[in-house]
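Whole structure, please, built from the sequences with the hints as guidance.
Protein chains: 2
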Amino acid sequence: MMKLAIFGYGNLGRGVEAAVKKNPDATLVGVFTRRDPKAVKTVSGCPVYKESDLASFKGKIDVLILCGGSATDLPEQTPRLAKDFCVVDSFDTHAKIPEHFAAVNAAAKATNHTALISGGWDPGLFSLARLYATNVLPDGKDYTFWGKGVSQGHSDAIRRIDGVLDARQYTIPVEEALEAVRAGECPELSTREKHKRECFVVLKEGADPVAVETAIKTMPAYFADYDTTVHFISLEELKRDHAGLPHGGFVLRNGNTGNAGNKHTIEFRLALDSNPEFTGSVLVALARGVYKHFTAGDYGCKTVFDLAPADLSPLSREELLAHYL
Amino acid sequence: MMKLAIFGYGNLGRGVEAAVKKNPDATLVGVFTRRDPKAVKTVSGCPVYKESDLASFKGKIDVLILCGGSATDLPEQTPRLAKDFCVVDSFDTHAKIPEHFAAVNAAAKATNHTALISGGWDPGLFSLARLYATNVLPDGKDYTFWGKGVSQGHSDAIRRIDGVLDARQYTIPVEEALEAVRAGECPELSTREKHKRECFVVLKEGADPVAVETAIKTMPAYFADYDTTVHFISLEELKRDHAGLPHGGFVLRNGNTGNAGNKHTIEFRLALDSNPEFTGSVLVALARGVYKHFTAGDYGCKTVFDLAPADLSPLSREELLAHYL
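Chains A and W are the protein sequences, given in the same order.
Its first residue numbered 59, the first sequence is counted upward by one per residue in this note's numbering.
Its first residue numbered 59, the second sequence is counted upward by one per residue in this note's numbering.
Check before you lean on any hint, since a few could be wrong.
Treat identical chains as interchangeable: a pair holds within one or across any two.
[To be verified] Derived SDA-like pairs (lysine to any residue); straight-line CA-CA distance at most 20 Å:
| # | residue 1 | residue 2 |
| --- | --- | --- |
| 1 | 80 | 318 |
| 2 | 154 | 377 |
| 3 | 61 | 107 |
| 4 | 350 | 364 |
| 5 | 199 | 327 |
Derived by calculation from the structure, the hints in this document are not laboratory data.
Nothing here was measured: the structure is a model prediction, and the numbers come from that model.
This is the structure in structure tokens:
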């Protein structure tokens, strides 16, 4: 039995909590929060503790799953907590991964713990798809398309605009580009040619829709380089039609072998009703791998690239050989 | 530099030979054959040796890639050669994998070598797709569809029928079943509902087409449980239109998380112009992993489940962290 705990109880924390129930070899010690534990009610009824209570749980938690955000939470939390616990996080600021890895690796190695950063689906399963595909087709080109799905970062960016009450932004692959790549072509695609953005916006009373639409469509990095559609809807419509957090996407690699012009396409696709529940499920599987490496005395920071697929499975070698190969 | 050699020079051996050229960290020592080496000319011009010459290559080959067949070659060759070399094979008789693993593991462990069995794409990449998907979505159901592609076994079965000069058989997923699963449904599918079979047959002079067609369609295991179409064509048409060995397929898993009925689909798809060239490419990537484990002193038999994704890559941890995660 693997004893897990959750640090941070937002959408992702609840996703991890739900995932633990689907894994009979895992049990949930509790949820740790920065909020007042009395104000937090868990879905499963598992106990809630203050962050400061963690000190008394040393040795009672096999893997602590960190469910904070990548912007400010994880860069501070993961190295700090890796000194006392085996940890898993879903750090997703791609450009800062080497720096985060170095900090977590140093902390975990110094105290003989095992950590894994950047779990989830991108980075995570999509990274695996890119790496396996590149390993087997070194002469090729890969593509990642995201969506259709809700981007929290882009939704937040719209909410920060003056006059906006709430918003939901969908990232959508451009169908023609996706189909060309899926058919084996290797086009050069600009940002605009790969994805489009669709926004559902609730205005505050008296706000100017033209000004808001312009502010969205000209926002650098987030929207200016994309074909963006803006729909103004009521708060009721937003709650009714856009309450979910679906996501997904495609990793594709087209590659060549031999002298006869043979081509090959490798495609990995995810279609997810709930981004946080799926991400939570991936983190629990990765926690199993971390726990196995820790038990074997293999300390330090890992990524999805460092764990063998069998490490993520509760099954024995015999079962895997007989039924999964 | 990783020194590879090929044992057995048919379609797969040539596929491995082509793959070595795409991997700058690999070099090909030579091809070993049971035939007269003078009668074998390699595509790349690499040297050809007799099987019995292998003894003098001990210590000069990092990984020997075995390209024989699963029916009679590999069960004998892989355990025997694992005593003197690190080896990789593509043993694909699913039911006999545990037995083959045990034999190869014993041989490799006894002499401190590292081996990998059942590499390729199924078993191989498809096994990885099934295992990763099951690990992250334990509450779910998976499906494997093969094709459209040439099945050598089924083509051979037709060739053994009296009156048949040559034949090519395509395995094709049933579109309705595939699309239902891709859309997230979890139907119970019979053999007939999953795949259909299309046969292109060249008759010997004077053969009875009705008798041949009946013999094909009623052949147990191979065709009787499938909707099978038989086309009679000329030898010229067979050579012109059916010379390639394309294959591919789909691994899908639909799974559930949480209490709100959220569903998720994970899909892995391959579309391959050349089954042997792609399989050869996978074997070379796996040879890299075998070589790394051997160098680290990790002996015995492995499968794709036991090698971390980073083991298959020529890139450093720093490069992987910066560019692939």
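Results of checking the hints against the structure:
1. Proximity of residue 80 and residue 318 under a CA criterion of 20 Å is satisfied inter-copy only: 14 Å between copies versus 48 Å inside one chain copy.
2. Only between protomers do residue 154 and residue 377 lie at most 20 Å apart by alpha-carbon distance; the minimum there is 13 Å, versus 39 Å within a single protomer.
3. Taking the shortest alpha-carbon separations for residue 61 and residue 107, only the intra-copy value of 16 Å comes in at or below 20 Å, while the best inter-copy value is 56 Å.
4. With identical chains, the CA atoms of residue 350 and residue 364 are at most 20 Å apart both within one copy (12 Å) and between copies (13 Å).
5. Taking the shortest Cα distances, residue 199 and residue 327 sit within 20 Å of each other both inside one copy (17 Å) and across copies (16 Å).
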